[in-house]
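Protein sequence lines, in the order shown, are assigned to chains L and Y.
Per our numbering, residue 1 is the first one in the first sequence, and the count goes up by one each step.
Per our numbering, residue 1 is the first one in the second sequence, and the count goes up by one each step.
Heads up, some of the hints might be wrong.
When chains are identical, the list treats them as one kind, so a pair holds in a single copy or across two.
Once the Cα atoms are required to be at most 25 Å apart in a straight line, the calculated SDA-like pairs of lysine to any residue come out as [claimed, not checked]: (1) Lys152 to Ala12; (2) Lys152 to Ala10; (3) Lys152 to Glu165; (4) Lys152 to Arg84; (5) Lys152 to Arg139; (6) Lys152 to Phe41; (7) Lys152 to Val11; (8) Lys152 to Arg43; (9) Lys152 to Thr79; (10) Lys152 to Arg80; (11) Lys152 to Arg61; (12) Lys152 to Cys136; (13) Lys152 to Ala57; (14) Lys152 to Glu131; (15) Lys152 to Arg70; (16) Lys152 to Asp42.
These are computed hints drawn from the structure, not numbers from a lab.
Note that the coordinates shown come from a computational prediction; the quantities given were computed from them, not determined experimentally.
Here is how the chains run, residue by residue.
Number of protein chains: 2
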Amino acid sequence: MAVRGSSQRAVACPIGRAADILGDRWSLLILRNAMIGVTRFDRFRAELGIADNVLSARLNRLVEADVFTRIPYRDGGRTRHEYRLTQAGADLLPVFNALAGWGLRHTRGADTAEPMRILHSVCGSDLQPGEHCATCGRRVAAEEIGWLRPWKSNEPCAIAEPVEEHGGS
Amino acid sequence: MAVRGSSQRAVACPIGRAADILGDRWSLLILRNAMIGVTRFDRFRAELGIADNVLSARLNRLVEADVFTRIPYRDGGRTRHEYRLTQAGADLLPVFNALAGWGLRHTRGADTAEPMRILHSVCGSDLQPGEHCATCGRRVAAEEIGWLRPWKSNEPCAIAEPVEEHGGS
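Just chain L, same shape as in the assembly (with noise of 0.2 Å):
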């Protein structure tokens, strides 16, 4: 699952090699609306607000990073492709908790809206980082957090499940 595209270089530091592929403002958003479902062209372009080139520049790197994996679909009787997240992907869920958490503690916020919350679905009490709800004790699977976002919606969003990869190179 390591990074083989040029854009990553071999560096001895992890956060270095992170940040190659992460130390951009656009990819950043990208994968976080990806974190929730978002795997469309035109979805991450409504969502957004970006335009084409960079959409477009912005999904081959994260492609070539193998964060994203480009999957053919029918729309009409055109083929198109949407992205969807590799399991290194869906791995940087903690990464964007932890920028949740930073951002809600150390950013000021548009005041229109109750603060994004990350939630544990089983028994509905806020997700510190860690292996375990330190509500409920149970360890916390991925498919079990929620991203509550009150300016967009009352209910959570559940956190995309990777692709099912197939082997093979």
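With the hints as your guide, set chain Y onto chain L.
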């Protein structure tokens, strides 16, 4: 402690606000080095191989975002400034630990050294995300965390403490 600089927009999503500040490769690399005690312009420049004007722009942006604060010091006859982490800056540690974990798991590094480890200095074991050490059970304070970067040193680097803030504006 909320960010008031013009570089940060008051969007509702805390991940979006964090991405405004952290979605930049150089800023991540500068902050990574600040986490382990780098504070001075010349040392950031030497360790990162970054151009003066780029480094200067990034440092200014991170001061504006209230992640760094500028502290004067005397260098021979001159007054210079060092860049010290604020509490908001120091609280980025879980983000960097998550980036390190992901980079270790999903990117391939140079094969010239043992990989980075995040250690609990009290008991010497590898730390996983979360408030408590899975080995010794203690609640882990930031000052008990060390980053072992074997390609640089066989001794773990202590995590930098934030500068003390004295209220006022």
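So, going through the hints one by one against the coordinates:
{"no.": "1", "hint": "Lys152 to Ala12", "verdict": "between (40 Å within a copy, 9 Å between copies)"}
{"no.": "2", "hint": "Lys152 to Ala10", "verdict": "between (39 Å within a copy, 15 Å between copies)"}
{"no.": "3", "hint": "Lys152 to Glu165", "verdict": "neither (32 Å within a copy, 36 Å between copies)"}
{"no.": "4", "hint": "Lys152 to Arg84", "verdict": "within (22 Å within a copy, 37 Å between copies)"}
{"no.": "5", "hint": "Lys152 to Arg139", "verdict": "neither (28 Å within a copy, 35 Å between copies)"}
{"no.": "6", "hint": "Lys152 to Phe41", "verdict": "within (20 Å within a copy, 42 Å between copies)"}
{"no.": "7", "hint": "Lys152 to Val11", "verdict": "between (39 Å within a copy, 12 Å between copies)"}
{"no.": "8", "hint": "Lys152 to Arg43", "verdict": "within (15 Å within a copy, 44 Å between copies)"}
{"no.": "9", "hint": "Lys152 to Thr79", "verdict": "neither (30 Å within a copy, 49 Å between copies)"}
{"no.": "10", "hint": "Lys152 to Arg80", "verdict": "neither (27 Å within a copy, 47 Å between copies)"}
{"no.": "11", "hint": "Lys152 to Arg61", "verdict": "neither (28 Å within a copy, 30 Å between copies)"}
{"no.": "12", "hint": "Lys152 to Cys136", "verdict": "neither (27 Å within a copy, 42 Å between copies)"}
{"no.": "13", "hint": "Lys152 to Ala57", "verdict": "neither (27 Å within a copy, 34 Å between copies)"}
{"no.": "14", "hint": "Lys152 to Glu131", "verdict": "neither (27 Å within a copy, 30 Å between copies)"}
{"no.": "15", "hint": "Lys152 to Arg70", "verdict": "neither (27 Å within a copy, 38 Å between copies)"}
{"no.": "16", "hint": "Lys152 to Asp42", "verdict": "within (18 Å within a copy, 45 Å between copies)"}
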